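Please model the entire structure based on the sequences and the hints provided.
Protein chains: 2
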Amino acid sequence: MPKDNAPIVILVRPQLGENIGAVARAMGNFGCSELRVVAPRDGWPNRKALEMASDGKSIVEAAKVFPDLASAMHDVHIAYAATARARDMAKPALTPQAAMKKIHGQAAKGSRIAFVFGPERTGLENEEVVMCDAIVTIPTAPKNFSLNLGQSAVVLLYEWFKQSAEKKTSARSTQHAALSTKKDWQELFAQLDGYLEDANYYRTAHKKPVMRQNMRNMLLRGAWSEQEIRTFRGMLRILCEGRKPRKS
Amino acid sequence: MPKDNAPIVILVRPQLGENIGAVARAMGNFGCSELRVVAPRDGWPNRKALEMASDGKSIVEAAKVFPDLASAMHDVHIAYAATARARDMAKPALTPQAAMKKIHGQAAKGSRIAFVFGPERTGLENEEVVMCDAIVTIPTAPKNFSLNLGQSAVVLLYEWFKQSAEKKTSARSTQHAALSTKKDWQELFAQLDGYLEDANYYRTAHKKPVMRQNMRNMLLRGAWSEQEIRTFRGMLRILCEGRKPRKS
Numbered sequence: 095m096p097k098d099n100a101p102i103v104i105l106v107r108p109q110l111g112e113n114i115g116a117v118a119r120a121m122g123n124f125g126c127s128e129l130r131v132v133a134p135r136d137g138w139p140n141r142k143a144l145e146m147a148s149d150g151k152s153i154v155e156a157a158k159v160f161p162d163l164a165s166a167m168h169d170v171h172i173a174y175a176a177t178a179r180a181r182d183m184a185k186p187a188l189t190p191q192a193a194m195k196k197i198h199g200q201a202a203k204g205s206r207i208a209f210v211f212g213p214e215r216t217g218l219e220n221e222e223v224v225m226c227d228a229i230v231t232i233p234t235a236p237k238n239f240s241l242n243l244g245q246s247a248v249v250l251l252y253e254w255f256k257q258s259a260e261k262k263t264s265a266r267s268t269q270h271a272a273l274s275t276k277k278d279w280q281e282l283f284a285q286l287d288g289y290l291e292d293a294n295y296y297r298t299a300h301k302k303p304v305m306r307q308n309m310r311n312m313l314l315r316g317a318w319s320e321q322e323i324r325t326f327r328g329m330l331r332i333l334c335e336g337r338k339p340r341k342s
Numbered sequence: 095m096p097k098d099n100a101p102i103v104i105l106v107r108p109q110l111g112e113n114i115g116a117v118a119r120a121m122g123n124f125g126c127s128e129l130r131v132v133a134p135r136d137g138w139p140n141r142k143a144l145e146m147a148s149d150g151k152s153i154v155e156a157a158k159v160f161p162d163l164a165s166a167m168h169d170v171h172i173a174y175a176a177t178a179r180a181r182d183m184a185k186p187a188l189t190p191q192a193a194m195k196k197i198h199g200q201a202a203k204g205s206r207i208a209f210v211f212g213p214e215r216t217g218l219e220n221e222e223v224v225m226c227d228a229i230v231t232i233p234t235a236p237k238n239f240s241l242n243l244g245q246s247a248v249v250l251l252y253e254w255f256k257q258s259a260e261k262k263t264s265a266r267s268t269q270h271a272a273l274s275t276k277k278d279w280q281e282l283f284a285q286l287d288g289y290l291e292d293a294n295y296y297r298t299a300h301k302k303p304v305m306r307q308n309m310r311n312m313l314l315r316g317a318w319s320e321q322e323i324r325t326f327r328g329m330l331r332i333l334c335e336g337r338k339p340r341k342s
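In the order they appear, the protein sequences are chains A and B.
Residue 342 is where the first sequence ends in my numbering, and the numbering goes up by one at each step.
Residue 342 is where the second sequence ends in my numbering, and the numbering goes up by one at each step.
Calculated directly from the structure, the hints in this document are not laboratory data.
Values in this document were obtained by computation on a predicted structure and should not be read as measured data.
Hints may contain errors.
[Said to hold, decoys possible] To give an idea of the chain A side of the interface with chain B (calculated C-beta under 8 Å), a few residues:
#1 ALA187
#2 ASN238
#3 SER240
#4 ASN242
#5 PHE283
#6 MET312
Glycine residues also receive a C-beta, built at the ideal position from the N, C-alpha and C atoms.
Listed below in structure tokens is the structure:
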């Protein structure tokens with residue numbers, strides 16, 4: 095079993111090496127490493143799969159090949175069949191999101207999980223779907239449900255990874271900068287007010303309060319850091335006062 | 095504007111026709127139709143894009159080509175840059191899920207949204223990222239963050255579609271008049287640049303790109319309406335040029 099409980103990916107009778115490579119690349123992106131290939135049309139190894147895999151090349155190289163789905167899933171506990179349509183089959187049909195929720199619970203209990211994808215043109219045979227525990231169907235526009243094999247895999251792997259990452263961290267942000275205080279803002283507004291008065295910006299006295307308020311709201315909405323407020327104030331100073339020798 | 099408020103997809107300097115086609119195919123799968131292509135490496139039309147698009151062929155056929163990102167996003171209200179790394183930039187960096195939550199709110203108010211993707215090898219230039227309102231970064235395994243262009247698009251479009259399917263019922267309001275386009279921002283920046291040059295704001299040439307970039311990021315973050323941009327431009331004009339008789 096993968097040490098991190100990541101799902102195994104099984105590609106059944108894939109036709110194009112490019113797609114095998116694309117799946118492997120996505121596996122690498124989303125923290126999966128165990129690829130199994132059932133009866134690949136163009137034999138094995140496959141040069142195009144290696145070329146297309148990019149950072150997932152080692153995943154292609156380590157992939158195991160099986161003659162049929164039954165042998166490929168011999169040590170799997172729970173298998174999810176990716177299909178474009180919810181077949182007329184007495185089997186749970188889940189969205190990727192719902193499937194991953196179940197899968198994370200199952201993997202936490204030690205289950206070895208597999209995602210099973212069929213050939214590009216036809217998808218999985220009904221009897222292959224039957225061998226799986228549930229169906230995962232990616233929601234699409236109703237008339238346009240045919241996803242490329244690599245793309246289907248991306249969606250499932252992304253959704254799996256996302257839910258596993260959610261438990262560890264939340265969204266990143268790039269804003270390390272020091273927060274600004276209300277005092278910083280007040281100083282900016284006072285400086286700006288001075289320039290605006292000098293420039294006779296407010297021609298009609300009765301509109302002045304609303305205009306000031308609007309400008310404050312606009313600027314505040316940027317949620318500037320202390321440094322950004324200083325930058326803006328420096329810009330205003332140079333625009334309105336020109337370059338001055340610094341006071342020593 | 096797409097009648098259903100679906101996002102526009104902008105591919106900046108895409109290298110491979112196959113990837114353009116893959117993006118178009120995914121757009122069709124996930125209910126998007128408006129594709130814009132900036133300076134495609136291999137020219138336009140592109141046979142491989144058409145071949146790879148499958149059911150998205152009509153999307154490729156209807157795609158519009160632009161010379162640069164600025165012109166491609168002239169009528170866009172809010173742009174999301176897809177980048178593999180959260181750049182060191184004072185701009186919101188969101189997961190696809192968080193971005194789509196915001197986007198659905200924005201689109202409900204009538205905003206025209208765009209997803210912006212860079213070239214396969216290098217991604218977007220920093221100055222292109224600066225032109226966007228936020229960054230979307232797909233969570234990946236830390237050492238393996240390079241997604242294929244088509245696959246990145248699949249993830250964003252899937253996440254968008256999934257959330258739109260969840261939210262079909264939410265009411266739409268009408269604030270069309272209030273929104274600013276990227277053209278409005280470009281005009282503001284051009285005006286500001288002129289004043290800054292006149293005032294000799296940039297004393298050291300090598301710092302100029304970063305300073306311009308920071309100022310753009312700060313101002314964009316306020317998400318100003320068209321009226322607010324006009325207000326700010328009017329204020330700048332009076333501060334820098336003084337009161338002038340109005341043109342009649």
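The hints, checked one at a time:
1. ALA187: violated (15 Å)
2. ASN238: holds (5 Å)
3. SER240: holds (6 Å)
4. ASN242: Since chain B brings a Cβ to about 6 Å from ASN242(A), closer than 8 Å, the hint holds.
5. PHE283: With a closest approach of 13 Å, the PHE283(A) hint is violated.
6. MET312: holds (5 Å)
Violated hints, listed in ascending order, are 1, 5; each of the other numbered hints is respected by the structure.
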